[in-house]
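Colleague: These are the residues of each chain, in order.
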Amino acid sequence: MPAIYALYVINKSGGLIYNKEFVVMASNNLNDTLRLASIWHSLHAIAAQLSPAPGCTGIELLQADTFDLHCFQTLTGTKMLMVVEPNTPDVDILLRDTIYDLYCDYVLKNPFYEVEMPIRCELFDSNLFQTINNVHRRWGLLH
Amino acid sequence: MMFGLFFSLKTFAAAMDPRTDTKSQLGAPLRIGESCTFRSFRTNNYKLHFLESPSGIKIVLNTDPNAGDLRDNLSYIYGLYVEYVMKNPLYTPGEPFKCELFLRNLFQFVKTIGL
Numbered sequence: 000m001p002a003i004y005a006l007y008v009i010n011k012s013g014g015l016i017y018n019k020e021f022v023v024m025a026s027n028n029l030n031d032t033l034r035l036a037s038i039w040h041s042l043h044a045i046a047a048q049l050s051p052a053p054g055c056t057g058i059e060l061l062q063a064d065t066f067d068l069h070c071f072q073t074l075t076g077t078k079m080l081m082v083v084e085p086n087t088p089d090v091d092i093l094l095r096d097t098i099y100d101l102y103c104d105y106v107l108k109n110p111f112y113e114v115e116m117p118i119r120c121e122l123f124d125s126n127l128f129q130t131i132n133n134v135h136r137r138w139g140l141l142h
Numbered sequence: 000m001m002f003g004l005f006f007s008l009k010t011f012a013a014a015m016d017p018r019t020d021t022k023s024q025l026g027a028p029l030r031i032g033e034s035c036t037f038r039s040f041r042t043n044n045y046k047l048h049f050l051e052s053p054s055g056i057k058i059v060l061n062t063d064p065n066a067g068d069l070r071d072n073l074s075y076i077y078g079l080y081v082e083y084v085m086k087n088p089l090y091t092p093g094e095p096f097k098c099e100l101f102l103r104n105l106f107q108f109v110k111t112i113g114l
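The listed protein sequences correspond, in order, to chains C and B.
0 is the number of the first residue of the first sequence in numbering that gives the first Met the number 0; add one for each residue after it.
0 is the number of the first residue of the second sequence in numbering that gives the first Met the number 0; add one for each residue after it.
Hint data in this document are derived by calculation from the structure and do not stem from the laboratory.
These numbers come from a predicted model, not from an experiment.
Please note that a few of the clues may not be correct.
To be verified - From the derived model, a few chain B residues whose C-beta atoms are all more than 10 Å from chain C:
#	residue
1	30
2	56
3	71
4	74
5	75
6	84
7	85
8	94
9	99
10	104
11	108
Said to hold, decoys possible - In silico EDC-like links for lysine to aspartate or glutamate, alpha-carbon gap of 20 Å or less:
#	chain 1	residue 1	chain 2	residue 2
12	B	9	C	59
13	B	9	B	20
14	B	9	C	64
15	B	22	C	64
16	C	19	B	20
Ideal Cβ positions, reconstructed from N, Cα and C, are used throughout, including at glycine.
Take these sequences, add in the hints, and give me the full structure.
Modeller: Right under this line is the structure:
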């Protein structure tokens with residue numbers, strides 16, 4: 000069954016600036032999550048270097064036994080990661096269109112937000128939850 | 000560099016696993032087949048498929064990004080490796096190999112995948 004587990008935002012130097020879980024899952028503590036974020040940052044760069052063809056921009060989708068991880072890199076180098084159930088459809092579109100829009104509107108356009116710093120914006124949180132709940136409702140996970 | 004990438008991706012996948020509650024500490028050595036591992040990743044211009052056998056042999060296939068799930072094909076290649084490399088009496092395990100029969104069958108098989 001498709002489901003969205005969590006969203007992570009990594010700034011362009013590899014630091015975790017946002018993490019949020021949407022369902023009950025086996026989570027890591029904050030220190031490990033920060034380390035995983037910077038590990039992902041370097042794996043993304045190494046995969047781009049190992050490309051057999053020129054012009055590679057890094058990993059977009061990682062498929063593992065129990066989850067899929069979608070990574071969307073913005074033009075400025077910020078990465079948005081979404082951990083979902085294997086074979087959940089249309090996550091790349093959700094990230095690129097909906098979540099990125101929310102990030103621009105409620106985080107970047109917030110005059111009190113400093114770029115590259117951890118995201119603490121109530122409006123972003125509430126709108127994100129609403130979006131994810133809508134998606135889950137569409138898949139029949141919520142009523 | 001490639002080995003480092005796979006090693007870190009395995010650690011990463013084991014730590015990210017949303018279903019297992021009892022995860023070992025981040026960075027602790029992992030036994031093969033014990034925890035959640037990654038099977039492929041896709042970038043904008045290539046897709047890498049990965050299979051690790053119980054003995055630690057890793058089979059990697061680089062394809063076009065639109066390729067589907069190739070796990071069965073990877074295990075078939077592993078079968079070829081067992082048949083033509085491991086069962087070759089002149090082969091010393093752990094050394095680089097150059098078996099004509101393996102290569103011939105591999106090329107033939109890769110053509111049949113039809114990518």
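Colleague: Going through the numbered hints above, which ones does this structure break? Give me the numbers in ascending order.
Modeller: The structure breaks none of the hints.
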